[in-house]
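Go by the hints and put chain B onto chain A.
Single-letter residue listing:
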Amino acid sequence: MRAARASGAGAQWRDLITAKIMSEWRRPPTARAGIVCTVQVTQVPGGEVVAARILSCNGDAAVRQSIEAAVMNASPLPPPPDPALFERNLEVVFKPHD
Amino acid sequence: MTDRRTLISLACALLGALGAARAHAQLRIEITSGVTDPIPIAIVPFARSVPGDGGLDVAAIVQRDLEGSGRFRAMARADMIETPSRAADVVVPDWRTGRNDYIVVGRVAPAAAGAVQIEVELVNLVNGQRIAGQRLVATPGSLREAAHRVSDLVYEKVLGVPGAFATRIAYVAVGGQPPRQTYTLIVADADGEGARTIAESPLPLMSPAWSTDGEWLAYVSFESRASAIWLQQVRTGERRRLIARAGINGSPAFSPDDKRLAITLSTSSGNLDVYLISLADGALTRVTSDPAIDTEAVFSPDGRSLYFTSDRAGSPQIYRADAVENAVAKRVTFTGSYNARARLSPDGKQLAMVTLAGGAYRVAVQDLASGVVRQLSKGPLDESPSFAPNGAMLIYAGRERGRGVLATVSIDGLTTQRLKADQGEVREPVWGPQRPKMQ
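Respectively, the protein sequence lines represent chains A and B.
Letter 8 of the first sequence, counting from 1, is numbered 8 in this note's numbering, and no numbers are missing.
Letter 164 of the second sequence, counting from 1, is numbered 164 in this note's numbering, and no numbers are missing.
The following block holds chain A by itself, in its conformation from the complex (with noise of 0.2 Å):
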């Protein structure tokens, strides 16, 4: 019961967080189907992103910079509905499917 309620509010951060991030993202005409970035997010209590880092990236330069630039200006990340739910480390995965 508690797990079922924390799942569903860990799920609604996400989407959360997606939204922002996705907000963000002024893609450039590389950035197309086929492109898969991932970028380790590191974040403080309350949002701020201290840290991105692309683990690993087919694009180039371009897409590496808008990737960046779409996670930085994100910051701050919305908070999750449940204090107890924060994560410092984030995983983020750019994946443009058209």
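None of these hints come from the bench; they were simulated from the model.
Partial list, computed: chain B residues near chain A (C-beta under 8 Å):
id, residue
1, 26
2, 27
3, 28
4, 33
5, 124
6, 127
7, 159
Just so you know, even glycine gets a beta-carbon here, dropped at the ideal spot from N, CA and C.
For chain B alone, coordinates are given in the frame of chain A:
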């Protein structure tokens, strides 16, 4: 004592292991789409230490270029607290406060023999890295081109695709009132500045077309009271009459190898068909022989096909045919009752045309693979769309308060920019190819 210490270190190790496990089970976010908002950039006025630059504001030209592309939004100068001219002097956090992702700084200084050099640097403010630097040497006459090269550099470094700002356009201007009018063929920078007259006539000039190498213009002139197709070298002004058969000689378009033109000729009965003419010997190849009007042919970028307008199905539509004698034509456009004047994108995947929609003639682009048509301009009388050589923008002519004006529109249709053109009535703009790099 020892036992207790062991216990504590053991507990610490355990906690550490738990912490590590927790870090691994981290939240995973997947980003599958983004936004088309322009990228925020600060373009700082360049430091200047020369009289030879004629007061040219390089940063202002770069700002207008980049904003006109629809891909950038520039910080207002009034909001700038500092004006660094070197990357090393950029205080990154100050510019991040204004929510800029990039900053362009530079300086204009004298070079040898009266020349002027422009030095520019581009800094990524998100991580503080200087991502580009370039030094351009220009003469007073090529300073504007150099400024557009700066725009090209920024565009390419930020977006990963080439800019097309240091290019030229050609168009026709009509001055005076009937019956005394002057037709002028003009070549200008892609932003409409630096216009100069290439040819002038009291009788109509029309349908300019660039050669693929950017050295020549082909156009139709009525200067001998009947239509003829002329070729003129842009740099020298040297020209020759290519064809002047009885009837109509119209709509020239160069092949990608600049060896042939697609043209429209009329038969003795007045019917219009598409032909190819060899520039070496004037030999003609008749491509279409339909009793309907076939005209306005252009080559696909690979040179194998022609796209042209035909009313063989009752209303003007675009057709495709191989660039050979007696080719079989296949209809390409099916949306709406009027689609004319085709132009292909540089990658050959998009077809720009004039379409009639909602009672207005608009610029539209059809994706050739899917057939999907998007309207880019609002009308009411837009004509002559022509792709920039990077495919990111189109130029076209429209009418405003009864006058012909030139405008550009981004390929997503979101950004339109009017071009400066003070030669009266302007029409039929055509965007020239990329130019060789400056020395």
